[in-house]
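There are 2 protein chains.
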Amino acid sequence: MFSGLSAFPLTPMNESGIDEAAFARLIDRLVAAGVDSIGALGSTGSYAYLNRAEREQVTQLAVAQAGKVPVIVGIGALRTRDVLDAAEDAQKAGASGVLLAPMSYQKLSEDEVFGLFDSVTRHLSVPLCVYDNPTTTHFEFSDELHGRIAQLPNVRSIKIPGVPVEPEAAKARVDRLRALIPSHVTIGVSGDVLAATGLNAGCDAWYSVIGGLFPRTALAITRAAQSGDVHQAMRLSERLQPLWELFGQYGGSLRVMAAAAELQGLTESPCLPLPLKALDGPGKQKLATLLEALELT
Amino acid sequence: MFSGLSAFPLTPMNESGIDEAAFARLIDRLVAAGVDSIGALGSTGSYAYLNRAEREQVTQLAVAQAGKVPVIVGIGALRTRDVLDAAEDAQKAGASGVLLAPMSYQKLSEDEVFGLFDSVTRHLSVPLCVYDNPTTTHFEFSDELHGRIAQLPNVRSIKIPGVPVEPEAAKARVDRLRALIPSHVTIGVSGDVLAATGLNAGCDAWYSVIGGLFPRTALAITRAAQSGDVHQAMRLSERLQPLWELFGQYGGSLRVMAAAAELQGLTESPCLPLPLKALDGPGKQKLATLLEALELT
Numbered sequence: 000m001f002s003g004l005s006a007f008p009l010t011p012m013n014e015s016g017i018d019e020a021a022f023a024r025l026i027d028r029l030v031a032a033g034v035d036s037i038g039a040l041g042s043t044g045s046y047a048y049l050n051r052a053e054r055e056q057v058t059q060l061a062v063a064q065a066g067k068v069p070v071i072v073g074i075g076a077l078r079t080r081d082v083l084d085a086a087e088d089a090q091k092a093g094a095s096g097v098l099l100a101p102m103s104y105q106k107l108s109e110d111e112v113f114g115l116f117d118s119v120t121r122h123l124s125v126p127l128c129v130y131d132n133p134t135t136t137h138f139e140f141s142d143e144l145h146g147r148i149a150q151l152p153n154v155r156s157i158k159i160p161g162v163p164v165e166p167e168a169a170k171a172r173v174d175r176l177r178a179l180i181p182s183h184v185t186i187g188v189s190g191d192v193l194a195a196t197g198l199n200a201g202c203d204a205w206y207s208v209i210g211g212l213f214p215r216t217a218l219a220i221t222r223a224a225q226s227g228d229v230h231q232a233m234r235l236s237e238r239l240q241p242l243w244e245l246f247g248q249y250g251g252s253l254r255v256m257a258a259a260a261e262l263q264g265l266t267e268s269p270c271l272p273l274p275l276k277a278l279d280g281p282g283k284q285k286l287a288t289l290l291e292a293l294e295l296t
Numbered sequence: 000m001f002s003g004l005s006a007f008p009l010t011p012m013n014e015s016g017i018d019e020a021a022f023a024r025l026i027d028r029l030v031a032a033g034v035d036s037i038g039a040l041g042s043t044g045s046y047a048y049l050n051r052a053e054r055e056q057v058t059q060l061a062v063a064q065a066g067k068v069p070v071i072v073g074i075g076a077l078r079t080r081d082v083l084d085a086a087e088d089a090q091k092a093g094a095s096g097v098l099l100a101p102m103s104y105q106k107l108s109e110d111e112v113f114g115l116f117d118s119v120t121r122h123l124s125v126p127l128c129v130y131d132n133p134t135t136t137h138f139e140f141s142d143e144l145h146g147r148i149a150q151l152p153n154v155r156s157i158k159i160p161g162v163p164v165e166p167e168a169a170k171a172r173v174d175r176l177r178a179l180i181p182s183h184v185t186i187g188v189s190g191d192v193l194a195a196t197g198l199n200a201g202c203d204a205w206y207s208v209i210g211g212l213f214p215r216t217a218l219a220i221t222r223a224a225q226s227g228d229v230h231q232a233m234r235l236s237e238r239l240q241p242l243w244e245l246f247g248q249y250g251g252s253l254r255v256m257a258a259a260a261e262l263q264g265l266t267e268s269p270c271l272p273l274p275l276k277a278l279d280g281p282g283k284q285k286l287a288t289l290l291e292a293l294e295l296t
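Those sequence lines, one after another, are chains W and D. Taking numbering that gives the first Met the number 0, the leading residue of the first sequence gets 0, the next gets one more, and so forth. Taking numbering that gives the first Met the number 0, the leading residue of the second sequence gets 0, the next gets one more, and so forth.
You may find that some hints are simply not true.
Note that the list lumps identical chains together, so a pair holds whenever it fits in one copy or between two copies.
Calculated lysine-lysine pairs in the BS3-like style (CA-CA distance at most 27 Å, straight line) [as the list claims (entries may be wrong)]:
#1 LYS91 to LYS285
#2 LYS67 to LYS285
#3 LYS276 to LYS106
#4 LYS91 to LYS67
#5 LYS170 to LYS276
#6 LYS67 to LYS276
#7 LYS106 to LYS91
#8 LYS170 to LYS283
#9 LYS67 to LYS106
#10 LYS91 to LYS276
#11 LYS170 to LYS285
#12 LYS106 to LYS283
#13 LYS170 to LYS67
#14 LYS67 to LYS283
#15 LYS285 to LYS106
#16 LYS170 to LYS106
#17 LYS170 to LYS91
Everything labelled a hint here was simulated from the structure, so no lab data went into it. Just so we're clear, the structure is a prediction, and the values are computed from it rather than from any experiment.
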């Protein structure tokens, strides 16, 4: 479950609730494309903006729709109590694994983050992926802390935020982390721009945003890297350079992917929870042109 | 309400719930000392970690206990929908004003933050204070955005995160913001270390963390500055230098003030929501010595 392509779909919603039909459509695309796992309620799935009942609803839908494809469910929350509740709900709803980011309002210390993972992993009966995403959590994991957390029961993967651009530096970074964690814990790259570099550098998985909407495109990159064709993986990724540039320009991937889903008729508009707004105006126009040119699927 | 000393108490709690008796004790101290307003459910009151029912519970307690002292209630949440609910709940429970920080998981744009304040201020019947706290929200207000938001209905104050250390630079900073906002909107300083400098520079209010636990100490600084005795205000603040250093050393004021409340027997230990942990071990020992030496009240 924590290797290959893990595709992270949007959770289409508006101020009245979850758009179940649109979410089911997104999951269907992932299953049809043959992704290795589905990451429901990741950052792209706006987990942080949903209440407990909504998170249960989304998990149940994802599990029902995914069939045999394992579903990993995001259980992050600001408070340990709420993470424990989310973990219990996810397991009851049939999640195959869970994903936990140390969300913060008050900046967290290493000791506090270790305490969170220690509490949560004690209460799990499914495997957990440590979600290292400083852009949203404002917490920087040290490799030493990753090493300590990776020893906890049920920890099976680490989702790292990216790797250095240079292939050798990327490999050194992955090797350094690998040396600090048990062999049963995989390393997955996120930050789609660096995914091919990360996979080529030895990451076991790609926790992918574009995979949630364009699974065939993401699978082509993943399968090339997995078969050892590093050049083909890089070529396929570099072809998407204009998309990576839009991510950089519009504060990350979420608002761009939401607009892409709207443009493809896969979701209504709006599909993000306010105050978030999908890419609009000239940016959306540029994205439309780009989606056509790149033939993303 | 948005001038003088606004004291922000802790919300003492543990994993089972709110410690109502301890919270009532904290409010009693503020009323007895004669603070100008009480800021319930600020960052120090851990609003971000509480659910809707708990926030209602804390608001009701604060209002009941505060008597004639106006209570300002924090209504921030990641999602606009939840902010609107919190605003409604706070008003129903008798809050005299509300305080809104643009909490984030996905980093917010200026347009998204303006949209949030626009939506919320339309639905208010009590005045609002804009809460500018980049340390916890990871959003940097431009002065131009402050100017636009300050024009919205019901906006009556801006809580700024601090001022430059140099008195002239501090005054220039306050004057620059003042020139961009209507005269009915006050400016309050937070970041206790710079409170005396901010008040001396012309801030109308001090939104105070130490005021929530040591109201007499904070009032002495406030009243000195209000009476124009800039040197006395600075002297009283500089006397607290060892406390300011502890704030710097332990990632902000919250964990230190929680430990101080525990040491004074005002709350049980723990009194913060996990994963947060109050200052402990040698740091707490140091704080105990310091509290005695500084005779904080």
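Fill in: Earlier hints that do not hold, by number
1, 2, 5, 6, 7, 8, 9, 10, 11, 13, 14, 16 and 17
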